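Undergrad: Below are the chains, spelled out letter by letter.
There are 2 protein chains.
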Amino acid sequence: MTETASEHALSLLDRYWRAANYLSVGQIYLLDNPLLKRPLEEVDVKPRLLGHWGTTPGLNFVYAHLNRVIRERDAQVLYVCGPGHGGPGMVANTWLEGTYSETYPEIAQDAEGMRKLFRQFSFPGGVPSHVAPETPGSIHEGGELGYALVHAFGAAFDNPELVVACVVGDGEAETGPLAASWHSNKFLNPARDGAVLPILHLNGYKIAGPTILSRMERPELEQLLRGYGYDPIFVEGAEPMPMHREMASAMDRAFDTIAAIRQEARGGGPLSRPAWPMIVLRSPKGWTGPAEVDGKKVEDFWRSHQVPVSNARGDADHRAILEEWMRSYDPADLFEEDGRLKAELAALAPQGERRMGAIPQGNGGLLRQELKRPDPAEFAVEVPHPGEAIGEATRVLGRYLKGVMALNEAERNFLVFGPDETASNRLDALFELTDRRWLDRTESYDVSLGPDGRVFEALSEHLCQGWLEGYLLTGRHGFFSCYEAFIHIVDSMFNQHAKWLKVSRELEWRKPVSSLNYLLTSHVWQQDHNGFSHQDPGFVDHVANKKADVVRVYFPPDANTLLCVGHHVLGTWDRINVIVAGKAPAPQWLTMEEAKAHCEAGIGAFHFAGNVAEGEEPDLVVACAGDVPTLEAVAAVDILRRGLPGLKVRLVNVVDLMALDTPAHHPHGLADEAFDALFTTDKPVIFAYHGYAPLIHRLTYKRTNHHNIHVHGYREEGTTTTPFDMVVLNEVDRFHLAIAAIDRLPQLGAEGARLREGLTAKLAEHSAYIREHGRDMPEIRDWSWPYETAARAGQD
Amino acid sequence: MTETASEHALSLLDRYWRAANYLSVGQIYLLDNPLLKRPLEEVDVKPRLLGHWGTTPGLNFVYAHLNRVIRERDAQVLYVCGPGHGGPGMVANTWLEGTYSETYPEIAQDAEGMRKLFRQFSFPGGVPSHVAPETPGSIHEGGELGYALVHAFGAAFDNPELVVACVVGDGEAETGPLAASWHSNKFLNPARDGAVLPILHLNGYKIAGPTILSRMERPELEQLLRGYGYDPIFVEGAEPMPMHREMASAMDRAFDTIAAIRQEARGGGPLSRPAWPMIVLRSPKGWTGPAEVDGKKVEDFWRSHQVPVSNARGDADHRAILEEWMRSYDPADLFEEDGRLKAELAALAPQGERRMGAIPQGNGGLLRQELKRPDPAEFAVEVPHPGEAIGEATRVLGRYLKGVMALNEAERNFLVFGPDETASNRLDALFELTDRRWLDRTESYDVSLGPDGRVFEALSEHLCQGWLEGYLLTGRHGFFSCYEAFIHIVDSMFNQHAKWLKVSRELEWRKPVSSLNYLLTSHVWQQDHNGFSHQDPGFVDHVANKKADVVRVYFPPDANTLLCVGHHVLGTWDRINVIVAGKAPAPQWLTMEEAKAHCEAGIGAFHFAGNVAEGEEPDLVVACAGDVPTLEAVAAVDILRRGLPGLKVRLVNVVDLMALDTPAHHPHGLADEAFDALFTTDKPVIFAYHGYAPLIHRLTYKRTNHHNIHVHGYREEGTTTTPFDMVVLNEVDRFHLAIAAIDRLPQLGAEGARLREGLTAKLAEHSAYIREHGRDMPEIRDWSWPYETAARAGQD
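Line order of the protein sequences matches chains R and P.
Just add 1 to wherever you are in the first sequence, counting from 1, and you've got my numbering.
Just add 1 to wherever you are in the second sequence, counting from 1, and you've got my numbering.
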């Protein structure tokens, strides 16, 4: 035990806490009369009362106590507020410490500033009721619950001096992502990473009922937390002064333990996973608020969750309760006449960047250094002729990522995340340089496991996503590879991050952070080992609903294009980039030079496959987006050209999906003239698409030739079978594409009909063959088949 | 301790296990020579080797031991197999017990049947590599990991005699949903529900690395599991016979404990939550498989995850390893010459419906009884004239749900789920009849909490969704209400359930189960208390990607239509129904009779709002889907009719969103003639839509008048503000809609321009007013304003 804070210090701290509580109530209720210098009147109260009081006094309590330890130890502390709906508390505290007014000078630290502070909260044109990008010092919104602890760990990785204090509400603790997040301590390296101090806030209730953790008997709860690998320190009660004593002592013990863990780990000996301290704060919900309203229990009950006194404007009795409540904090004891916090209280806040509202990690763009990236050409695949080389796109990208990792070794600002699939997704070149992060026991036969590994694998997309978000928001870089179908697991986390970026970009003071980069692989068309449950290419549809300037979607058709796209996205900021690419051996189309040009344009003709020059008008356009659809499109064009030598065909490949959108809607949208030049204004377009067809219609809906675009995409047909059978089941294969083209070219007459008949027979033949032999017909398996012609065409 | 099984019984059980292992390996590898009556040749081996061996021997081990306790105790056991990729094991066991051949007579219990069994596995036209709807006795695919335990609890609710044995892989245990699922025991009533027996299978490895739980030190793991509320029984080792002894004893202890808990709970005394037993099975991954291949460790390591001997067809050495491995099970000791399982082993399987492949809960449609539903008219809101009554739609639905609950009280086959939002979503009438399910400590001041409650609230959408899935798949009915934005948390669970239904519907022997019904409320347009993070109406876009016949989406515009839709969906089967409806007080449009007719049609004109008769051609169509957009559309039409008395306007309301789709694509699609009659073939259509606009374009894309449809929807603009300000920010408000109409009606000339100018001024006025006063202008707040005219129109 260390010496606890003096009674005098604690009574000052109690006043500071009361000031924060006062300001929190004021934000929820008041339009005017901020210092209560006159009796509270109807017009002083907001017409719409909105906000969440219940969690707020606990958040303020934690903030005040963290301030103390920061000052005493010159600690670097980032506050992650899981119950983000306790927004008034975080705003109140940053105003008290001065960071709010520095960020928003119009909200000064005086009576008028306090009035504005109150008024703007949850007020149209003001600030949201939750912790949000607008809140100084925050990297976490907490609107959708579940991600506080995983964000905290993401922030702590590679931040050796940082302590991330993370308040976890007992409601949030019921969510799946949070329940899994406790195990993040298995990935925290005490020598090279910062610390996370979880503060489990048991205030007992959610919106309308008790929480699971708060009603467990204490021994059971303690076992759970120890089982999660923590050493819990309990702070329980309702009387302020004893609680201050307990909390001060708990904080000292936690910070002492962290210091000891660091010292031990940084002494150079072998590393192991320590039992990290955590605090369990059991305090009443709505603490210090009205005990009862209208004869019903409010304090220490779920009725204090939002606005405890609901009709304080219209009802004089309610208004009296509110006034009594606010006066119970004794504002004159806290603030000067002019609204400034009393000097002896202001002295309790840390200084400068040590203030939790001003810590640079809370505005990570301030710290962000550009990622050093090697020239992708160094990793290029040799492509003598289109279709002649075979490559595994993601394996090639893995080598590039290793190159990135090597260049930034000293900065320690690049991490790779994936749910146990980094090697399965063929990014295993990384393991030539680094390990999977692992702090627990290892065995002699383990491979690529270590405490300093820079690849993070947990079988939880939630953890991968959340760690990466926390890491990016504190100014670093990262990459997340995932099975395509299972990225839907984090649809809602993607949503929240996209929303965070959208709002952050509107705030001048928030500096750009690195983009969140996804590689979606083991995709819908490659399901040899799995099957229907592993087939869903719809994440990009979900992505396309977000603000256009925040999102990008790429479908590189081969390894060199994937290299170019991967290189590009790692240099971007404030975006979410989605790359979809396969891991299987596949024909390569473009040299590095060609790939660069193609990716820069985002869309373009594959002249080697078609037989019309630029500017010439084709009879037919075959378009494609995605690696497997590109292969099938090339093969379909080959079939058509062999069978119908007079037909003029153009093959258009789309790398940057948003190029299909109009420039008015998306910054990457292709100009209409260029679009018409590629797709014609009146010829049939057969579009082989990787995902669900409607997205292509949605993007091209305003284009001249839209009504001629016929899209073949995934239509929810599939099982465990070969990739080629998968495309056949969904009619994205060469035969169906060629048939679709013939059906839109009546001018072909009998010649077309004959070819069509042959293709229909091929499909029947395929179907019989694969069911008999368990694999594709030799002509499908023989990859050179469609590409011989393609290569020849390339020589024209 | 009970008496353990005899050594003789265990040696028989060991042979049974070997038989299952033999059949599992055979499925992964063999095309022919199933009984190895001749040396293994190249042609006997499949050309593509696919499947997951690693988890399978453990699954088989559990199955064999469950068989023993089922026989000895006449127990009802449902096997939920979390590691669903261990499909070969589940298929092998159901074949051994006879249920596979009863389900699929072409796969007989003889040598030829065994050959077909092997061949079909992971083979085109055969069965998937995972446990799937095709697998008898299964309610759980396990393709996407995380939901085994929550499904198991869903199955156990209201199934008092059932024991759900649930194997949780240590990989799966890292996921968020699984981590939260352990707490499901807080909701299990030992008197009225069945039991769940979790079997945590620590085989140590995922695809390419160790698992978190397997490398925790045992005391820490034990604390974690006790903290989750279980009494773990550890079974650890690698030697078969000692492991059989330990497992038999563990199973006996677990089933004895369950019996004791039941007896105690069913004695009529007060209920509390017991420490339920669970088994921790630590056994080698790829147990009994090759120890090493190519000099690398395989057994008891991650290399055994999929196919341990990868080139058994082409490489003679690999083939020799495979043959030795398969012969190590001694097939002649297990099977008769003709391929039948030896009689003394066949006798080890339970009989009839006690076989885990034949238990009716594994094919819940067999048990499903139609839900009794009251007449929704009993709950109708009185609507004297359109827009004259004010109602809260979901509150009215809550009364209907209470009615449903009351009618089915005896059957105990209806549950309501929600993440702590049942009351917030205004379904609180339910609490007049029942409680929130709660087994832990209660306080005197708690309300609506009890061990027998039929409303389940945990702050986890994953738990709500998973419990409901398990409950439905075992033949019961349910309802899930959720904040609209946060339903994305279960996007991927929805995916998997939709896929399960799609495949189940193709299997004659799988009987229909009740539909999964969502009510999405607290929706994007009602964010007074929350804000941008709570705004995402995109779940229906996600839904629309699934097989058309599985999904339905409803936007009832008021309470009576919500009643009709709610009543309808509770009578359906094998579908997923999504209902989006608000909870705020709002004007009511239709009487119950009108609502019934409107919902049956799915789409139709609101003649009270427009001024053209059926058959008459309007100048303009204003369409709407969603309650708030309907209000704005009615108001916009009112504005236009007042300002432009000569204008002929039709208002079309869409309840059943899929009515917009073509009948060729969706069974609810409106016929083209009817669509054209409503929307005209050439007049402008202004469409006010609840969600993201592109979905309306996608659905109407093939309609004649599609190019004239202008959709206003949510465009990711929002904060904490009034509902009306929300629609203004996204241009779905009456003023923007009317302006959009005027812009498409050039024939209005100066008259239109004047009105337009006035509307633009209104928007500016709104913007200034709300930022000044924090609420809407009186003319917006005065709900009667737009509806006076509407009501008048209704009298025409």
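For the record, the hints were derived by calculation from the structure and aren't laboratory data.
Do not rely on the hints blindly, as some may be mistaken.
Copies of one chain are not kept apart here, so a pair can be met inside one copy or by any two copies together.
Unchecked claim - 27 angstroms max Cα-Cα, derived DSSO-like pairs, lysine-lysine:
1) K187 - K298
2) K512 - K684
3) K503 - K38
4) K373 - K763
5) K684 - K703
6) K763 - K298
7) K512 - K763
8) K763 - K597
9) K297 - K763
10) K649 - K38
11) K512 - K703
12) K117 - K187
13) K117 - K38
14) K373 - K343
15) K343 - K297
16) K187 - K649
17) K512 - K298
On a predicted model such as this, the values are computed, not experimentally measured, just so you know.
Undergrad: Hints first: check each against the structure and report whether it holds.
TA: Going through the hints against the structure:
Taking the closest pair of Cα atoms, K187 and K298 come within 27 angstroms of each other only across two copies (25 angstroms); inside a single copy the shortest separation is 42 angstroms, beyond that limit. Taking the closest pair of Cα atoms, K512 and K684 never come within 27 angstroms of each other, the shortest separation being 47 angstroms inside a single copy and 48 angstroms across copies. Within a single copy, K503 and K38 get their C-alpha atoms no closer than 40 angstroms, and across copies no closer than 67 angstroms, so neither meets the 27 angstroms cut-off. Taking identical chains as interchangeable, the C-alpha atoms of K373 and K763 are never at most 27 angstroms apart, the minima being 50 angstroms within one chain and 53 angstroms between chains.
In this assembly of identical chains, the alpha carbons of K684 and K703 lie at most 27 angstroms apart whether taken from the same copy (16 angstroms) or from different copies (18 angstroms). Taking the shortest alpha-carbon separations for K763 and K298, neither the intra-copy value of 75 angstroms nor the inter-copy value of 45 angstroms comes in at or below 27 angstroms. Neither within a single protomer nor between protomers do K512 and K763 lie at most 27 angstroms apart by alpha-carbon distance, with minima of 58 angstroms and 36 angstroms respectively. In this assembly of identical chains, K763 and K597 lie within 27 angstroms of each other by CA distance neither inside one copy nor across copies; the values are 37 angstroms within and 51 angstroms between.
In this assembly of identical chains, K297 and K763 lie within 27 angstroms of each other by CA distance neither inside one copy nor across copies; the values are 76 angstroms within and 43 angstroms between. In the homo-oligomer, the alpha carbons of K649 and K38 never lie at most 27 angstroms apart, since the shortest distance is 84 angstroms inside one protomer and 59 angstroms across protomers. For a Cα distance limit of 27 angstroms, the shortest separation of K512 from K703 qualifies neither inside one copy, at 35 angstroms, nor across copies, at 45 angstroms. For a Cα distance limit of 27 angstroms, the shortest separation of K117 from K187 qualifies neither inside one copy, at 45 angstroms, nor across copies, at 46 angstroms.
Proximity of K117 to K38 under the C-alpha cut-off of 27 angstroms is restricted to the intra-copy arrangement: shortest distance 16 angstroms within a copy versus 88 angstroms between copies. Taking CA atoms no more than 27 angstroms apart as the test, K373 paired with K343 passes in neither setting, with 48 angstroms inside one copy and 67 angstroms between copies. Proximity of K343 and K297 under a CA criterion of 27 angstroms is satisfied in neither setting, with 36 angstroms inside one chain copy and 71 angstroms between copies. In this assembly of identical chains, K187 and K649 lie within 27 angstroms of each other by CA distance neither inside one copy nor across copies; the values are 60 angstroms within and 68 angstroms between.
Neither within a single protomer nor between protomers do K512 and K298 lie at most 27 angstroms apart by alpha-carbon distance, with minima of 45 angstroms and 50 angstroms respectively.
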